[in-house]
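Engineer: The primary structure of each chain is shown beneath.
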Amino acid sequence: MTHEGPSGPRLLAVAFLTGAAVMVVELMAVRLMAPWFGQSQLVWTNVIGVVLASLAAGQWLGGRWAEGRGGFAPGSLLFAAGALAVALPDIVGLLGGLVLPGDLRLIEAYPFVTWGSLLVALVGLGLPLAAMGAVTPWIVRLSREATVAPGRVAGRVLGAGTLGSLVGTFGATHVLLPMVGSAMAVRLAGTALILGAVVIGRPRKAAALLWFVPLLATLAPGRDRPGLLESVETDYQFAYVDEDDDGTRRLRINEALDSFHSVTVPGSVLTGMYYDAFLLPALLAPPGADGVRRAFVVGLGGGTMARQLDAVDPDLVVSGVEIDAELLRLGRAWLDMPADIEVAVGQDGRMALRVGAESFGAILIDAYAQQIYLPQHLCTREFFEQVRHRLVDGGVAALNLGGLTWEDPVVHAVAGTFATVLDHVTMARVPGTRNLIALGWKGRPPGTEAMARVLVEHGLFDAIGWTVEEDLFAAVPPAEHPLVDGDAPVEALAHASWRALWDGR
Amino acid sequence: MGVRRLLPPLAVILALVAPLRAQGAESILVEAQALRRQGRMEAASRALDGLGEALTEHQRGRVFLVRGNIAFEQLAYGLAASLYEQSEASFARARLTDEESGAAGVSVAIENRGRARVEGDRRRALAGRARLVQAAALSLFLLGLASVGFMAWRSVEQVNRRGA
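These protein sequence lines map, in sequence, to chains A and B.
For what it's worth, this note's numbering labels the leading residue of the first sequence as 1, then goes sequentially.
For what it's worth, this note's numbering labels the leading residue of the second sequence as 1, then goes sequentially.
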C-alpha cells in the first residue's frame, strides 16, 4: 500500500485533466492542420490513428514505469506533454510548410494530404499523447488503495479520465474554439497539463528543458499569404479572402492551394471562370405554379453564383444554403454578395432540400469543389432524387464537378449517378479550367436555339455562348452501379482519380 | 508448332488492326514523333497539322501525353496554342516555365478543347517529394514502434539484473 504522494482527489483531478487535454488536443489538432492538409476523412483518420496508437503505447509503458522499472515519473510526463502541446500550433505550422511544395495544385495534393498529415500527426502528436497515456497507470499506482482494491481504483481513475474526455470534447467545440480559437485552445490544454505536473509531483530537469520547444517553435516562419484581406477560423474551417494585384478577390478555404470557393472580378459580373457557366441553367429556370421563377444554390459559399444571378436576371428569385455562416459574412464584406438573398445558414445541403416545400426551376450544386472533400451524401442517388423532387417540371439541376477528364473516376461515378435520376443529362468541360458542368433535366430540355436566345436576351452570348454548342456537351449514360447512401466510396474514387492523373492516363 | 509459324498470321492481323487504330490523335502524335526521331522536323510538323481535327473529333476530354525532347514539345506547344485559343494563356505560361528551367525530357498534355501543360519534370519532382514524405511518415511510425520495443526490452533487462 502506498501512503505517500498526492491525495486521492488530487489524483482524480489529474486523471480528469489529462482526459480533457487528450480530447482538446485531438480535436484541435485537425483544425491546426487544416490550413495545410484540410480536414478530410483522410486527415481525421490519421490524427485519430496516431492519437490511439500513442495512447496505447504510453499506457503500456506507463504501466511498466509505474512498477518501478525505469522510465519517467508522472510529473515529468505531464510536464513534457504540456510543453509539447503548448508548442503544437507552431510545430504543425513549421512541418506543414516543410512538407507541402509551394506550387502544389489541389488536384496533385492527394499523396501529400494522406502521408503529409500522417507525418505531421506523428511528429506533433506522438510524444505528447504517449506521455498523457503513460500518466493513467501512474495515477492508479500512486493511489493509496491501489493494492487493497485495485479494481475499484482503476475504475475510479478511468471514470475520471473518461469524464474529463467528455468535458474536453464538448468544451473544445462549444467553448474553447469559439472563444479563443484552436491554437489557443491547445496551448491552454498544454498549460493545464503543466499545472497537473505541479499537482502530481515535481518534474525532472530533463522534462523541464522541454520548455524550450515552445520557445523555439515560435521562431518558425508562418505561411505567407500575399494580398490577405481577412482570415478567420470558422466553426467548420479556416477561411480567408485575398486580393490580386488586379483587384480580383477570392475566398479560399483550408489548404486551398490553387483553388478557391468564391470570386469577385472588379467591374464585372462575369468571372471568366466556371461560375459563369451556371448562369445558363439558372436563366432557363421555368416558373413554379405561382408563376415565380426560382433558383436554389447548394453550397453558396461567398455567393458568387447568387450575386451573378441577382445582377443578370432580377426577375429570378435566388436563394441558397450554406452551412458556414462565416463564409456568408466574408462574402458580404468582401465579395459584393447582396444582403437580400435568402440563405439557409447552418444547414447541410441535403437537409435543406429535404425540409423545404418550395419548388425550383433550377438547382445549382457547387458542393464538390475539392474532390478530397466530396461529401458522399451529396452525390448519391437518394440525394439526386431529392433534387428531382424539388424541381418543377422542365426544371434543371446543374453540378459542378472537378476533374481533368471525363474518364476521371469521381466525375464518371457522380455524373453517372446523376444520370440515373434525371431524365436527360449532358456534361461539358468548362474551357480552360478543370471544372465540368453536368446538366440534368426533369423532362425534356429546351432546344439549342431556345437556349441561345436566352443568352442573347441577357447579353451573355458572347461570354458564355459556348454553353450552347451542341458538340461540346455530350450525353452522360446512367451508371451501372450508381452511388447510393451507405455505398458511396468517394475516398476510393478520389484515390483512383489521383492515380489516373499521376500516371498520366 | 514454333513461334515463327505464328508470326505471318500475326502480322496480317496487326496490319488489319493498325489502320483502325490510326484514326485518333495518338497515331498522329506517334507518327510525328517517329518523324522527329528521324530528324524530319518539317514532316513532323505537317503530321501535327492534323492534330486539331483529330482532337476535336475523337475522345472528347482525354489527355494525350507526348514524351520527347524540348524541340518536339515546342512544336506541339505552338500548334496546340493556336488550335485552342481559349487555353493560350495557361499554355504560354507553361512554356515560359519550361524555357526558364531549360529542362529536358518534359512531356506535353494536350487536351481536347482544353489546355496543354508542361508536366514532366515538375510531376517527377512532385512524385519524388511525395515518396519522401511517405517514407518519412512510415519511418517515424516504425521508429516509434521500435522505441516502445526498446523501452520494454530495457525494463525487462533491469528486472532481470535486479533478480540476478
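These are computed hints drawn from the structure, not numbers from a lab.
Nothing here was measured: the structure is a model prediction, and the numbers come from that model.
Ideal Cβ positions, reconstructed from N, Cα and C, are used throughout, including at glycine.
Do not take every clue at face value.
Claimed, not checked - Each pair of labels, with its calculated beta carbon distance range:
hint, chain 1, residue 1, chain 2, residue 2, range
1, B, G149, A, R152, 17 to 27 Å
2, A, T191, B, R124, 37 to 47 Å
3, A, V199, B, W153, 30 to 40 Å
4, B, L145, A, P477, 20 to 30 Å
5, A, V175, B, A135, 46 to 56 Å
6, A, D485, B, S147, 57 to 67 Å
7, A, L195, B, S147, 51 to 61 Å
8, A, G159, B, S147, 46 to 56 Å
9, B, A135, A, G356, 25 to 35 Å
10, B, A135, A, V292, 26 to 36 Å
Stated by the list, open to error - Covered stretches of chain A, as calculated for chain B (at least 3 residues, CB under 8 Å):
hint, region
11, 134 to 143
12, 327 to 333
13, 483 to 489
Unchecked claim - Output of the computed footprint for chain A on chain B, the stretches with three or more beta carbons under 8 Å from beta carbons of chain A:
hint, region
14, 129 to 138
15, 148 to 154
Engineer: State for each hint whether it applies.
Structural biologist: Taking the hints in turn, this is what the structure says about them:
1. B:G149 - A:R152: 17 to 27 Å: violated (33 Å)
2. A:T191 - B:R124: 37 to 47 Å: Once the Cβ atoms are compared, 46 Å apart, the range 37 to 47 Å for R124 (chain B) and T191 (chain A) holds.
3. A:V199 - B:W153: 30 to 40 Å: Given range 30 to 40 Å: holds, Cβ gap about 32 Å.
4. B:L145 - A:P477: 20 to 30 Å: violated (49 Å)
5. A:V175 - B:A135: 46 to 56 Å: violated (40 Å)
6. A:D485 - B:S147: 57 to 67 Å: violated (43 Å)
7. A:L195 - B:S147: 51 to 61 Å: violated (28 Å)
8. A:G159 - B:S147: 46 to 56 Å: violated (30 Å)
9. B:A135 - A:G356: 25 to 35 Å: At roughly 50 Å between Cβ atoms, G356 (chain A) and A135 (chain B) fall outside 25 to 35 Å, so the hint is violated.
10. B:A135 - A:V292: 26 to 36 Å: With Cβ atoms ~60 Å apart, the hint is violated.
11. 134 to 143: Violated: only 0 residues of the region 134 to 143 of chain A have a Cβ under 8 Å from chain B.
12. 327 to 333: That given contact is violated, which follows from only 0 residues of the region 327 to 333 of chain A lying within Cβ reach (below 8 Å) of chain B.
13. 483 to 489: With 0 residues in contact (Cβ-Cβ under 8 Å with chain B), the coverage given for the region 483 to 489 of chain A is violated.
14. 129 to 138: holds (count 6)
15. 148 to 154: holds (count 4)
Hint compliance for this structure: hints 1, 4, 5, 6, 7, 8, 9, 10, 11, 12 and 13 are broken, all remaining hints hold.
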